[in-house]
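J.: Chains as they are written, first to last, in the working numbering: chain A, 1 to 147; chain B, 148 to 294; chain C, 295 to 441; chain D, 442 to 588.
Quick caveat, the hints were computed from the structure, so don't treat them as lab data.
Just to be clear, a hint being listed does not mean it is correct.
[To be verified] Here chain C is said to cover these stretches of chain B; the calculated rule only asks that three of the stretch's residues, wherever they fall, bring their Cβ under 8 Å from a Cβ of chain C:
1) 206-218
2) 234-247
[As the list claims (entries may be wrong)] Straight-line Cα separation of at most 27 Å, BS3-like style, residue types lysine-lysine; simulated pairs:
3) A:LYS127 with B:LYS217
4) A:LYS70 with B:LYS292
5) D:LYS484 with A:LYS43
6) C:LYS384 with D:LYS448
7) C:LYS400 with C:LYS299
8) B:LYS292 with B:LYS154
9) B:LYS156 with C:LYS299
10) C:LYS421 with C:LYS364
11) D:LYS484 with C:LYS421
12) A:LYS70 with B:LYS274
13) D:LYS586 with C:LYS364
14) C:LYS303 with B:LYS156
15) C:LYS337 with C:LYS299
16) A:LYS4 with A:LYS145
17) A:LYS106 with D:LYS547
18) A:LYS43 with D:LYS586
19) B:LYS190 with C:LYS400
20) C:LYS400 with D:LYS568
21) A:LYS106 with B:LYS292
The beta carbon of each residue, even a glycine, is placed where N, CA and C say it ideally should be.
Number of protein chains: 4
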Amino acid sequence: MDLKKFKFKYQLRVRSYEVDWAGIVHNAVYLQYFETGRIEYLKHLGIEVSYQNINTKSRVVIVRNEINYKHPARFDDLLDIYVRISTIGKTSFTFESVIVNPILRKYISDNISVHVWLDEITGEPIKVDDRFIETVQNYEGDNLKFI
Amino acid sequence: MDLKKFKFKYQLRVRSYEVDWAGIVHNAVYLQYFETGRIEYLKHLGIEVSYQNINTKSRVVIVRNEINYKHPARFDDLLDIYVRISTIGKTSFTFESVIVNPILRKYISDNISVHVWLDEITGEPIKVDDRFIETVQNYEGDNLKFI
Amino acid sequence: MDLKKFKFKYQLRVRSYEVDWAGIVHNAVYLQYFETGRIEYLKHLGIEVSYQNINTKSRVVIVRNEINYKHPARFDDLLDIYVRISTIGKTSFTFESVIVNPILRKYISDNISVHVWLDEITGEPIKVDDRFIETVQNYEGDNLKFI
Amino acid sequence: MDLKKFKFKYQLRVRSYEVDWAGIVHNAVYLQYFETGRIEYLKHLGIEVSYQNINTKSRVVIVRNEINYKHPARFDDLLDIYVRISTIGKTSFTFESVIVNPILRKYISDNISVHVWLDEITGEPIKVDDRFIETVQNYEGDNLKFI
């Protein structure tokens, strides 16, 4: 993925218990990193993410994850997570994220995640919220594609 | 994915701490389930997976994961993980896995993971081990594709 | 702890991702094992543990954990978790649990956890539920102490 | 525990996947926070903690954890982890740690962990390393007790 398209990044440090028996970050832990990046992105855009929200109003669910592992991350590594919403469809939207080690200048991993907006009562897919679209478009500008 | 092609399944039960604030299994936990399924599959075929192996002889790394989330799994759900090696390439092989809830007869999630065989010293991709190929072919038969 | 006092045990197998960089089960993972043991114990006694329960009716909270690590558990080890409620006080009760490797005949770890019953509205400690006490007493008999 | 005795603190933010089905940080996750605090403390004192170290030279093992849960931490809470080595014995030393929410001014949780120095070859307890003792004493001064 082209880092030039990303306006937001979040930094974290690899913790001891995230490293597996091979001495590298476990492959499932990257999904925790990418989720942390997405949540910080949404907070940065002023979009509320909360326990109450998740359990009462929100009906946005994740339906697909793709992760490429390019270079292993190790204990105590500082990692930059680049995050953007790349596309918005009729009832879904897509995040792209990249993890980079800025010290070693290594491309560690990337992720595409697809999220669907559901009706709170019927559970059926519905049109992505207008205010959400506007907020994302204001932030991402021309890099945001509609499909 | 077509469950008829799978000869191996492993059963587990969803634990309390795997459930997130939305009351469903967290999206990253499925990668732990799929890995558990793959390891039990390899053990079933007589292929040793061990800490010693991982740190000294083995140079098989995961380079890609795809996960589709179809239906949420919940606390205490019994889950069947279907696992097979579907394709073997020159230097890589691919697992396909499906998680099903056999009580509710629900298709929960599926996963494709790609693994690359590396030279122990140079770290460069090398031909998949012949004994590994033979063992998998004996087990999977015609369902195994070479690409 | 004296294993003779335990009537209930639950068996599980150490998974790959629970093993840390030192090749042994990470110290925090034992709390997941002990919780799994406690939940299976409560299910065995017919006491409902559920997401709905936790979020609406239940007001039992954990206030203390003590864990002793005697011998490390390793990947693929089969572990027996012995669980019992050892004491019931006015507003609290205590679980004792032991993890044993039955193949290697090793005492792996033990745990004491203290749980307090809270009023659903005020959040203040209240008397432990009578039906809960009766159920536990019927199961544990003379091994259960009241303090 | 008396916060005045602590010279070191480390700050982190509660992540989404650390919150359980009750909407609060899972009881096992605190052990991950406390370990993160201890490692940052050791790094601050110039004591190397590394994967290589753990697997070749180090023979320091954790033998006991005590955790008190006073007030729940929630998603996105900012937490201060206060850490100090409080006592050094003949073959062991003890960490005390406290987690505080500095915004809400709440005492969240505290932890005592006991660590034993082992001979690399025999695995038997040996005298705590002299250079380690000196480094800790220089940092902690009179707050450090010898037992």
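J.: Does each hint hold? Answer for all of them.
T.: Do the hints match the structure? See the list:
1. 206-218: Coverage by chain C is violated here, the residue count being 0 at a Cβ distance below 8 Å.
2. 234-247: Our answer is that it is violated, as 0 residues pass the Cβ test (under 8 Å) against chain C, missing three.
3. A:LYS127 with B:LYS217: holds, 19 Å
4. A:LYS70 with B:LYS292: holds, 25 Å
5. D:LYS484 with A:LYS43: Since the Cα atoms of LYS484 (chain D) and LYS43 (chain A) sit roughly 31 Å apart, the hinted pair is violated (cutoff 27 Å).
6. C:LYS384 with D:LYS448: At roughly 39 Å apart (the allowed maximum being 27 Å), LYS448 (chain D) and LYS384 (chain C) break the hint.
7. C:LYS400 with C:LYS299: Judged against 27 Å, a Cα distance of about 18 Å means the pair holds.
8. B:LYS292 with B:LYS154: Given that 27 Å is the threshold and the Cα spacing comes to 15 Å, the pair holds.
9. B:LYS156 with C:LYS299: violated, 37 Å
10. C:LYS421 with C:LYS364: Violated, at about 35 Å.
11. D:LYS484 with C:LYS421: violated, 46 Å
12. A:LYS70 with B:LYS274: Holds, at roughly 19 Å.
13. D:LYS586 with C:LYS364: Holds: LYS586 (chain D) and LYS364 (chain C) sit about 25 Å apart, inside 27 Å.
14. C:LYS303 with B:LYS156: holds, 25 Å
15. C:LYS337 with C:LYS299: holds, 19 Å
16. A:LYS4 with A:LYS145: holds, 16 Å
17. A:LYS106 with D:LYS547: violated, 40 Å
18. A:LYS43 with D:LYS586: Given pair LYS43 (chain A), LYS586 (chain D) is violated - Cα atoms ~45 Å apart, limit 27 Å.
19. B:LYS190 with C:LYS400: Roughly 24 Å between the alpha carbons, so the hint for LYS190 (chain B) and LYS400 (chain C) holds.
20. C:LYS400 with D:LYS568: holds, 26 Å
21. A:LYS106 with B:LYS292: Outside the cut-off at roughly 34 Å; violated.
Hints 1, 2, 5, 6, 9, 10, 11, 17, 18 and 21 from the earlier list are contradicted by this structure; the remaining hints agree with it.
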